[in-house]
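Engineer: One letter stands for each residue in the lines below.
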Amino acid sequence: MGRALESAEESVVIRGLVRFLDERSGTAPFVKKALRYVFPDHWSFLLGEVALYTFVILVGTGIYLTFFFEPSTASTYYAGHYAPLRGHEMSVAYRSAVDLSFKVRAGLLMRQTHHWAADVFVASIVLHMLRVFFTGAFRKPRDLTYYLGLTMLVFALLEGYLGYSLVDDLLSGMGLAIGYSVLMSVPFVGANLALLVWGAPFPGKAEFWSRMYVAHVFLLPILIATLLALHLFLVAARHHTQFRESRRTTEKKVVGIPTFPGYAPRSLGLFFSVAAVLFLLGGLVQINPIWLWGPYHIAQGTNGAQPDWYLGWLIGALRLVPNLDVTIGDYTLVPNAFWGGALFPLLVFMLLYLVPWLDRRATGEYGFRNLLDRPRDAPWRTALGAALFAWVFVIFLAGASDRVFVSFGISYVAQLWIYRVLVFVLPLAALIVTRRFCLALQESERLGQIRKQAEAEARGELPQTEQL
Amino acid sequence: MNALRRWAIALGVLALGRKQRRPRFADRPRIVPPGAPDPRAEWLVLGLLLGAAAAAAGFVVVYSFNHLSHQTQYLGLSLGLAFAFTAAALVVVAKRLVVTEELEEDYPVPGHPTTQEELEQLVAEGGDRFTRKRLLLTGAGAAAGALGAAVFVPALSLGPFLDTDALYETPWRRGRRLVDEHGKPFLLDELERETFYTAYPEGADKEEVGSPLVVVRFEPSELHLPAGRRDWAPGGVVAYSKICTHAGCAVALFRKPTFRPVEPGPALICPCHYSTFDPTRGAKVIFGPAGRPLPQLPLLLDRENGELLAAGNFSGPVGPSWWGVRSKAPRNPS
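Listed in order, the protein sequences are those of chains A and B.
Residues in the first sequence are numbered consecutively from 1, following our numbering.
Residues in the second sequence are numbered consecutively from 1001, following our numbering.
In isolation and in its complexed conformation, chain A is listed as follows (with noise of 0.2 Å):
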């Protein structure tokens, strides 16, 4: 068994899977292009590769707890193993949700990274959206990729909202509670919607937890994979944008390391890190631990309740705003919850979908753009766009104001009234901050290429700009 055999052997292997599918599929030349498609290299672009493989994470873990959650309203008694839940009245639905965390040998484990990653998997489209719109990345020929990718964020908020409303504990209640009421609140038809979705006045008919299981575990997800599918297909048909990094990054040619062999080893790593750490918090870091919530009664609430993460922003907006119901005569146009809970992430995601729009009318810029600006680079935007983060971030942060009551003794009643002034004066001053910042970041740089070139000149060398 000489070396000379065993290179020849391995080539066969090789040539046989080649030919193999190359004779049935005739996609030889396509899969030489995939394979020396060129990634740009930058910390920023893994954020949506993150979001995508925490995607696979949810689908495989999702998948696990659907074979023992069971969707149903009817009432039941629980006699497992928890005691303090013992003999109490309950649904099937949150019932099978103990069991599977206490009676299934890793339904715990997946219940919770399947959590834990819905949580990563918004915050990642998130960081990616913040990234695409600080580098300007949303222009054309991209703005389309875009609209697909906020459509996702859309998709998203509401996939996790149904997720963890599915547990029917008594936090999963009170926030259909507020869904319910949200919905009722549109102007005119609210209360139509709501009973069309709900089927009856809350808490609804046992059908309505069908209609959300069948979106949580059907609709939504295929509705996310197809978009996520097109969201790709869309980047790989124009290629990444990249920074403009040396003189071989142009807009014409795009600089990078080829999937294979250079980046299919870097990406698969970042695929197994995201699991990795997906399963160690879902292992060793409790989140929803439903069996401490109860089970929902609509006459029960508890104190000090909050939602995921990212509906934070939204509750902060219902606590914000003050008590105004608009009437006409005897009927009522706009009740209180529209503004925070309807009206409010409506302006939000409007302004987003209008950035490529409004970005072409600001600048007239129409061109095609592949070279990404850095954040300094369009001071008006970047500053436009920390104005706008700062006012969802400050509404966020006022829905943890019971919390901060709760661990530091703060008055609420105050710290709404703070943040009810913050809402206005924190966009402002984040607008003017970060507008001086990036002007003072452009003029530090223009002053040391100055030095640099006096220093050169000094040195009796001639400045490359003038060598010509």
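Any given hint might turn out to be false.
[As the list claims (entries may be wrong)] Computed list of lysine-lysine pairs in DSSO-like fashion (alpha-carbon distance at most 27 Å, straight line): (1) B/Lys1095 <-> A/Lys205; (2) A/Lys253 <-> A/Lys140; (3) B/Lys1284 <-> A/Lys32; (4) B/Lys1133 <-> B/Lys1206; (5) A/Lys253 <-> B/Lys1095; (6) A/Lys205 <-> B/Lys1328.
[Stated by the list, open to error] Far from chain A, by Cβ distances over 12 Å, these chain B residues were calculated: (7) Trp1043; (8) Phe1130; (9) Thr1138; (10) Glu1219; (11) Gly1248; (12) Arg1281; (13) Arg1292; (14) Gly1319.
Because the hints were derived from the structure by calculation, they are not lab data.
All C-beta atoms in this analysis are idealised placements derived from N, C-alpha and C, irrespective of residue type, glycine included.
Dock chain B against the given chain A, drawing on the hints supplied.
Structural biologist: Below, chain B without anything else, positioned relative to chain A:
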């Protein structure tokens, strides 16, 4: 058999052998640039892969135990570590064992102007034989609209879309007893002052939005109920819907002043968004986002046995607000 043996050898060699690479495609220039072997990195990768294998095997072992304390933690730890070792192996492969090239590639052309024109032409010519385009488009629009409606109308079966009357219904009616969650009637004499009770209509579904009440007893002199509600609180007992008028959560908190001179008065508070209601003044909103007071239920006292009964239905619809919430009072189920 022979082929099978050769494949097995090839795979074994692939897995175990260390190679001195000779140019295998001597007739063609290399695609991937050459790089020096790194045996230490290979050992490292092997170690990491074995680590992954050990951790994954550990997962199987932990799983196979029947009653193991902290099983979830061990399962998560072993599976997480298996993934982490695999990730580390791949990172070493990426950084030290494969050649990291920096390639240039042309961005795709922005568009294909000629093909675009051809497509335009194709579509236009394909419709050449139509002479009444606008009329036909109108017809197509009508058909599409009606078909769309026909497809979506069955969705209305999901709920009573136009009939919102159910929102005004509650199980309360004159003479219905207040009971606690175990079905025990509320007796006036057993109610502590300034203590928070939850009551339900006797014999009705407790999980309906119109069912649960908050019941608090005050000194009658402390009550300042709105005009026309003077006799709604026999013995100083007031009853309100427990469902917040803002976002439908249960009003589950009661603020009881412990030292009257300096503290704010008693209040009912919803823990979802901290809407705060004054139970001595008809559950008027004193803080927070709720736009309406909690609907009040008029009470009766059964003089014979001291039980509390409903004297009618609520002062307004229960639960969150909608377009018609102020236009009608609730009624009894028919």
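Engineer: Now tell me, hint by hint, if it's right for this structure.
Structural biologist: Status of the hints after comparison with the structure:
{"no.": "1", "hint": "B/Lys1095 <-> A/Lys205", "verdict": "violated (57 Å)"}
{"no.": "2", "hint": "A/Lys253 <-> A/Lys140", "verdict": "holds (16 Å)"}
{"no.": "3", "hint": "B/Lys1284 <-> A/Lys32", "verdict": "violated (72 Å)"}
{"no.": "4", "hint": "B/Lys1133 <-> B/Lys1206", "verdict": "violated (62 Å)"}
{"no.": "5", "hint": "A/Lys253 <-> B/Lys1095", "verdict": "holds (25 Å)"}
{"no.": "6", "hint": "A/Lys205 <-> B/Lys1328", "verdict": "holds (24 Å)"}
{"no.": "7", "hint": "Trp1043", "verdict": "holds (17 Å)"}
{"no.": "8", "hint": "Phe1130", "verdict": "holds (31 Å)"}
{"no.": "9", "hint": "Thr1138", "verdict": "holds (29 Å)"}
{"no.": "10", "hint": "Glu1219", "verdict": "holds (26 Å)"}
{"no.": "11", "hint": "Gly1248", "verdict": "violated (4 Å)"}
{"no.": "12", "hint": "Arg1281", "verdict": "holds (15 Å)"}
{"no.": "13", "hint": "Arg1292", "verdict": "violated (7 Å)"}
{"no.": "14", "hint": "Gly1319", "verdict": "violated (6 Å)"}
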